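Use these hints to put chain G with the ligand onto chain B, whose structure you have.
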Amino acid sequence: MTLTPAKLDELKETARHLRIDVLKMLTLAGSGHTGGSLSAVDIITALYFHKMRHDPQNPRWDERDRFILSKGHGGPALYAALSKAGYFDRRHLWQLRQAGGILQGHPFSRSTPGLECTSGSLGQGLSIANGIALACKLTKKSCQIYVLLGDGEIQEGQVWEAAMSAAHHKLDNICAIVDNNGLQIDGSVDGIKSLNPIAPRWRAFGWETREIDGHDLKQIIQALDPADKVKGKPQMIVAHTIKGKGVSFMEGKVGYHGVAPTREELKRALPELGASIEAESLL
Amino acid sequence: MEMKATRDAFGEALRELGREKRKVVVLSGDLEDSTRAEYFKKEFPERFFNLGIAEQDILGTAVGLSLDGLIPFACSFAVFLTNRAYGILRISICYNKRNVKVIGSHAGLTVGEDGATAQCLEDFAITRVLPNIIVLSPVDAVETKKAAKAIAELCGPVYMRLGRGPYPVITKESDPFIIGKANLMREGDDVALIATGLMVSEALKAAKILSDEGISSRVINIHTIKPIDEETIIDAAKETGAIVTAEEHQIHGGLGSAVAEVLVKNEPVPMEMVAVQDTFGESGAPEELLRKYHLKAVDIVNAAKDVIKRKRG
Ligand SMILES: Cc1ncc(C[n+]2csc(CCOP(=O)(O)OP(=O)(O)O)c2C)c(N)n1
Chain B
29 MTLTPAKLDE
39 LKETARHLRI
49 DVLKMLTLAG
59 SGHTGGSLSA
69 VDIITALYFH
79 KMRHDPQNPR
89 WDERDRFILS
99 KGHGGPALYA
109 ALSKAGYFDR
119 RHLWQLRQAG
129 GILQGHPFSR
139 STPGLECTSG
149 SLGQGLSIAN
159 GIALACKLTK
169 KSCQIYVLLG
179 DGEIQEGQVW
189 EAAMSAAHHK
199 LDNICAIVDN
209 NGLQIDGSVD
219 GIKSLNPIAP
229 RWRAFGWETR
239 EIDGHDLKQI
249 IQALDPADKV
259 KGKPQMIVAH
269 TIKGKGVSFM
279 EGKVGYHGVA
289 PTREELKRAL
299 PELGASIEAE
309 SLL
Chain G
15 MEMKATRDAF
25 GEALRELGRE
35 KRKVVVLSGD
45 LEDSTRAEYF
55 KKEFPERFFN
65 LGIAEQDILG
75 TAVGLSLDGL
85 IPFACSFAVF
95 LTNRAYGILR
105 ISICYNKRNV
115 KVIGSHAGLT
125 VGEDGATAQC
135 LEDFAITRVL
145 PNIIVLSPVD
155 AVETKKAAKA
165 IAELCGPVYM
175 RLGRGPYPVI
185 TKESDPFIIG
195 KANLMREGDD
205 VALIATGLMV
215 SEALKAAKIL
225 SDEGISSRVI
235 NIHTIKPIDE
245 ETIIDAAKET
255 GAIVTAEEHQ
265 IHGGLGSAVA
275 EVLVKNEPVP
285 MEMVAVQDTF
295 GESGAPEELL
305 RKYHLKAVDI
315 VNAAKDVIKR
325 KRG
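In order, the protein sequences belong to chains B and G.
Throughout, this note's numbering is defined as the position within the first sequence, counted from one, plus 28.
Throughout, this note's numbering is defined as the position within the second sequence, counted from one, plus 14.
These are computed hints drawn from the structure, not numbers from a lab.
Note that the structure is predicted; figures quoted are calculated from it, not measured.
Incorrect hints may have been included.
Mimicking BS3-like on lysine-lysine, the simulated pairs with C-alpha atoms at most 27 angstroms apart in a straight line are [what the hints assert, rightly or not]: (1) Lys18(G) - Lys240(G); (2) Lys295(B) - Lys169(B); (3) Lys281(B) - Lys295(B); (4) Lys306(G) - Lys252(G); (5) Lys281(B) - Lys56(G); (6) Lys111(G) - Lys186(G); (7) Lys221(B) - Lys37(G); (8) Lys221(B) - Lys56(G); (9) Lys222(G) - Lys319(G).
Excised from the complex, chain G in its bound form:
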């Protein structure tokens, strides 16, 4: 299977956007190589601003650039943009409804060896709670490109999460990408596996294992954490009667919580959440960490079996 980092795909998309839209400008904070923002810089140095290690300054300057009609993309690590500059994100960007694209790379445990300070596991929770923002978490490199293009077309605040390491490429150029509309990856009716980002490929692996044991599972890719696709989630609950969510994020406040909010209101069914269990990460190889923190296909399989036992009637 082809593997490619979503940050690499984003860097390429940003360069294309630079060619297509003269209004696109890029800001970075001493991480232009890691975020791949340098692909854009190489072609459009005059539209690129490295503001140094100052995430608050970066988002503030982006707001000013958007006030003048430009389309700023602010690129750094997810953890620094969402954590360090949260006050600016909240007030100057979201409250103000500024057209600023906040691109957080190196999210999740799979940052690996840099350890807990760099592993952003709470970005969904703290961004999706803010009014006016769209929160995206593309599943692979192909989808990342589509997402980058789509957010440049719309006017308003966006937070997009990207990963450091290569993700399996599981979507095609021809697959649809509509913000707020989840994608069905596999049909099934005993249980629905609702996942985002890297965890969608784990969910697909889990579905194979389950099918060998006679359990039919539906796999849904949630690339838009906010606004969440309520209809697809409610249909899955009605048609399968059991839900498992999977994300490379804290158990509280992320995809699992967002899905639970929809279900509790509309179609309460038994549910299990595969996520980091309210603890910080640590240094280690990405694969090793995914295993240690129970974010592998086998963990989704176990969660699916547990939730099926709790199904009604």
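Extracted from the complex, chain B is given alone in its bound form:
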């Protein structure tokens, strides 16, 4: 799919709207993961609104591309995208984390239309993606499987077990993306247990790698395109991102990992995203 300037502008608008929704959902929920949701918005936008073949009217369509949010705590960004794409009504967004709602604190695939898999215990998504990729190969489906991991998450040993499996089985239908925002809960990834340099490690494990600015939609889309073309190897995109991206006082702040904005903070944040509390009638 070609990326016209008009399409690029449209994607930027979509990302802006998703960020607004993420902030509103989290504020209403009163708890949840703000920083890591915001850092993933542009990647998720590029996937759901440009790159992936999927059909919200037919969520289980056999030939669809798949997206696995391995860093499950980033669920709000995905929920906002799924709703905007048409998988479920927007009103569900405002019931995030509430009993009886369809949007769990961490993604639960059986409760939310369009979700491929349950996540929340970090480190498991790549193995699941590998299984789907193997199945697609066996049944000769041409689907792409995208997986989004946190940079802290790849401290989880199982990720590297899965990295070896994907390379061994030549899973070139896998495209993993690391949301490399440099932070986890207790501090910086480099301070706790550094994974740098990330890309050479994945190369050493047999992966094709690329490094991009994870907030530049053009770069994201360009990087995703060759994912279809590299043969015989899984692909890893190291996307350099900023935790809390889009809200100046949250950007790069470790304290906004697992904390929802207060109403006061929301009031300050919305204008930065071109919205206002008055326009957001729900609040």
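Quick look at chain G with the ligand alone, frame taken from chain B:
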């Protein structure tokens, strides 16, 4: 009534243990704040290891530290330590009888809004099935401190469950705490309410409601799920003839099952189990979830009335 989270009390006890025992070391996995392991870290940074999000690595490293004579406490969420690293718990810790203390916080439905992935409801079942391990579930902050001290004294694998939210403080500094010995919280002889953790306070509330209706109930606090206090359970069955268990855990494999195993073998009497009914939890406020999943005093009252109807002779 004073309220305090058992994880807070544990953090304080761990810091005291750090002062008392130079061999105590602490491992955590990017959850040092939530588990309160950071209280220890602040005073003893050189004996503290944050191994990142890698529960398998954490328990494996703890095993290595214990091999060298140290007393490692591995602290994370109950769900991650018992579920994610189960293979290491089974073989390297239990089979190997290593002196590793596995401390699982944020257990049960009362984790609340984080939802089912974080709500550990099967830890009793999957830990107590392992040979060589001691499984603890303290009732409140005061008892948690005693438990933390007691497990540091003994050599061998321990799993201890802690909660996220504040629990009512219902025991005193002077109450005895002996691993494997249940505590009697209230006398009574029409029915025995056998509970653990947060559910002990609900059982006490239930006992009050029952007594207003002329039913006398005994309340027993099981802080040690394994080895379970058979004698106290058998005596309760003999003297009351009807048992209700209550736990913030799945109905299968937990306290209810452990009590049933004792009764079936020794003193079969009618029994009811108050627990999560073989289903996963969901996001919601802790209180709301306890109500929705029938873990409140009123549920214990109903179970008690049902079981009394089934009493023999
Ligand atoms: C197995 C497991 N261990 C611990 C946690 C608790 N936890 C939730 S988010 C998080 C930090 C994740 O950091 P990163 O992967 O870098 O995500 P991001 O910064 O993008 O939010 C941790 C430790 C978890 N969800 N799963």
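task: Output the numbers, in ascending order, of every earlier hint that fails for this structure.
output: 2, 4, 6
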